[in-house]
Amino acid sequence: MAEVKVENVSVRFGRNVVLRDISFQVADGELCVIVGPSGCGKTVLLRTVAGLTKPLKGHVYFDGKLMDNVAPSDRDVAMCFQTYALYPYMTVRQNWEFPLRAVNLAEEQIQQRVEQVMALTHMEPLMERYPRELSGGQQQRVALGRALVRRPRVFLLDEPFGNLDAKLRVELRATVKRLQMDLGITTLHITHDQVEAQAMGDRIVVMDMGTIQQVGTPEEIYEQPVNLFVAGFIGTPRMNFIPCELKRDAGQLFFVHPAFTLPVPPHRVAAIEAGTTDKNIVLGIRPENISITASPVPGSVPTEVYVLEPQSNELIVDLALGDVILKSRADRDEIGFEPQLNQTVHARFDDDLIHVFDRASQRRIV
Amino acid sequence: MARLELEQLDCWYGKTHAVDHIDLVVEDGELCVLLGPSGCGKTSTLRMIAGFVQPAACEIYLDGQPISHLYPGDRNIAMVFQSYALYPHKTVREHFIFPLIPAKIPKHEIEQRVNETADFLDMHDLLDRYPSELSSGQQQRVAIGRALIRRPQLFLLDEPLNNLDEHLRVEMRANLRKMQQDLRITTVYVTHDQVEAQALGDKIVVMDMGHIRQVGSPQEIYLHPSDLFVAGFIGTPPMNFINCRLERGESQVVLRNTHFSLPIQAPLAARTESLAEGKELILGVRPEHIRVKSQPEEGAIPTEVYVLEPQSNELILDLKLGDLMIKARDDKRELGFRPEVGQRVWIEFLQDYVHLFDRETEQRLGG
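The listed protein sequences correspond, in order, to chains F and S.
Note that the working numbering numbers the first sequence so that position 362 is 464, with each residue one more than the last.
Note that the working numbering numbers the second sequence so that position 167 is 370, with each residue one more than the last.
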C-alpha cells in the first residue's frame, strides 16, 4: 500500500520560488505523470517526494505517514534518473544484486527477485554484460530493473526516456506502462513530453512555473483543459487560439474578429453567457476539429492555404485567416481534395468542440 | 538556376566510410531533406556541400559550375547551424549587416536588405537587441536572417530546430517552409526527425550508414517505402513487421504465420506471383491501417489488449498475438468502443496498405 500525498509544498532556491503551494495525491498503484515545460519545477517536486530536497513549507505523506523527517534512504523509494547512473564496473546482474545485498536480503531472495525482473525486462541474454557494452535502450532497462528489484513502495522516474531516440522512446513507453501495471507499484513519472504523458499516465499533473495547472486523466486534460496554458500545452499541433469578441446582434450571439464573424452554435450559447460577462474571449479549436472544403459550406469561413505539411496518412494545412494562422489536421482520404498553396479553402469549426476562454483570467468557460 | 548536383560524393573519417559514393540532384527552388539516424552520413554530406569537409574524388555542381575546389566563403552558399553560432557581441542589426560587408554592397542597399529581412522575419522591434536578450526561437530567426540576407544560391540547414521545445519547433517549421517557398531558394535540410522531414520536404533522401536508401516525396516514401529500413523509419508509431510464409492454396494466396493464416487478394497477391512456395516474407502494416473490432468477424485475427496509449483524439492499442506485439492506432470516435486491458479484440489489416518484404533481401515486393 503506497498512497502518496503532497500537501501545500513550497520550495525556494535562494530568492526563486520554484514550487508554489503544491498539493495533490497519487493513489496506490497509480502511474502519475508530472508534465510541464522545462523549468516548471517537476524535477524539484520529484526530489521533494524522494526526500532529496527539503521543502520550505508543506508535507509529504506515504500512506498517511509523515515523511518530513525521514531520510531518502529510509523512505523505501527507488529512483530512476535520466542519465541512468549505472555502476560502470558491475555487470547487469551485479548492478541489480548490489542494492539488495546492501540491505542484507537473503541470497535466495536476491536471486529470485533478479530472475523475476530479468524476465519482466527481457534482459536474459545480457545479464553478464557491462553498461558500456549495452545500447541506450538496454541501459535504460538496467536502470529500471535496478529500481524494480528493490520492490519499493514508490517508484520515481525522472525523464527516464530523455536520452533515447524517438523510436526507442515509443517502444519503451508501452513496456514500462505494462510493467508498472503488472507490478502495481505507485509511480511518479516526470517528463517534458506531453505525448509521453498522455500515453502513459493513469493521471496527469500539468505544471507551469512552479504551480499545478490541472490534474486529470489524459482524456480530461485533453478534452476539458481548465485554462489556456493546459489547452495549449497538451496536444500537437497545438490548439488554435483566436482572440475575438462576443457580440449580440438581433437576438443572436456571434464571435466577432476583424477577419470573420461566426454565429455561436445555438446549443452552446446558454453555457457561454452563463460563464462570462466579459466580451473579450479567446476561441480555441484543435486542428483535428477544423474541416476544410474546396467550396463554401454553411458556417464556414474562407481562408487561404499558407503552407502544407504532410504527416503520414494525414495532412496539416496551415490556413491564413486575416492575421491569424490556423492549423487544420485531417486524414488525407477524408479531406477529399488536394489543397494547393494559396488556394482559397473553406474552414469549418466543429460546433461541439469549440472552446471559449476568458481572455483576462485565461480560464476555460466552455 | 540553382540546381545542385552531387556526383559520387564520398568521404572517410579514419576507418569509417561516412558517405559512400552518393549521387543526388536537388532541383532549383526545391527543399531537399537529408533524413536518417545519427551516423548515417547526412551531416557529413551537408558539410561537404558547404566546403567544410574535403570529399574524396568526386564533384559538386551548383548552377552547372563545379564548386568542390572552392573555399566555403566562395561558394555562394549560406548555412544555419543547430547551435545558431550567433556573435554574442553584435546586435541583431549588426548580424544582418556583417555578411554584406565583404561583398562591398552600397550602404543604401544594405539598409534596404536589413529592412526586408526584418520584415520577413518579423523582427523590427528586436534589431537592437543582443543574442543574450533573445529567446531561442528569436535567435534561430537571426541565424536564418543572417544566412538569407546574402541572397545565396543555396541554403543549408543542419538540424536547426533541435534546440527548440516541441511547440516552438512545430510553429517554426511551418514558418521556415513558407519562407523557403516564398524565396524559392534551393535548400538542403538535415534532420533525424522523420515527422519534420515529411512536413518540410519537397523531396526526402533517406540515408543509412553512408548510403542513400530511398529518394522520394513524403507521400512516396510513406506509401511505397523501398525496403524494411525506410518502412520502419518513416511513420510513428513505426510499421508493424510480422514474419510469415507464402502459401498457395487452390484458389487463393495465403500468408501463414504461427498465429494466423491470412488470405490475400489482388493486387497484393499479384506481387507474389514470381515467388516460390514457402518463401519467407515479412508482412508490414502501419498501426493506422489496422482496424480494431470489439466483436469477432470473418477473417479478423483475435488478439489481446496489452496496453492502451491515449494520444490526443486517438488511441494506440498494443495488442498481443502470441509472442508478437502489434500496435494499432485509431481515432477514438471511429473505434466505436472503449477497449480495456486484457480484453479480446479482433483486428483486420487494410489490404490496400499491406506491404510485403522479402525476408532475405529486405526489399519491398514492388507494386
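It should be emphasised that the hints constitute simulated quantities derived from the structure, not laboratory data.
All figures in this text were calculated on a predicted structure; none of them were measured in a lab.
Among the hints, a few may not be true.
[Said to hold, decoys possible] Simulated DEER-style distance windows between Cβ atoms: (1) Asp322(S) / Arg117(F): 32 to 42 Å; (2) Asp351(F) / His311(S): 49 to 59 Å; (3) Gln127(F) / Pro470(S): 50 to 60 Å; (4) Lys159(F) / Thr461(S): 35 to 45 Å; (5) Ala361(F) / Gln566(S): 49 to 59 Å; (6) Val371(F) / Asn279(S): 52 to 62 Å; (7) Asp561(S) / Ser125(F): 57 to 67 Å; (8) Glu325(F) / Ser454(S): 40 to 50 Å; (9) Phe439(F) / Thr461(S): 41 to 51 Å.
Each residue gets a CB set at the ideal place from its N, CA and C atoms; glycine is no exception.
query = Among all the numbered hints in the text so far, which are the ones the structure does not match?
reply = 4
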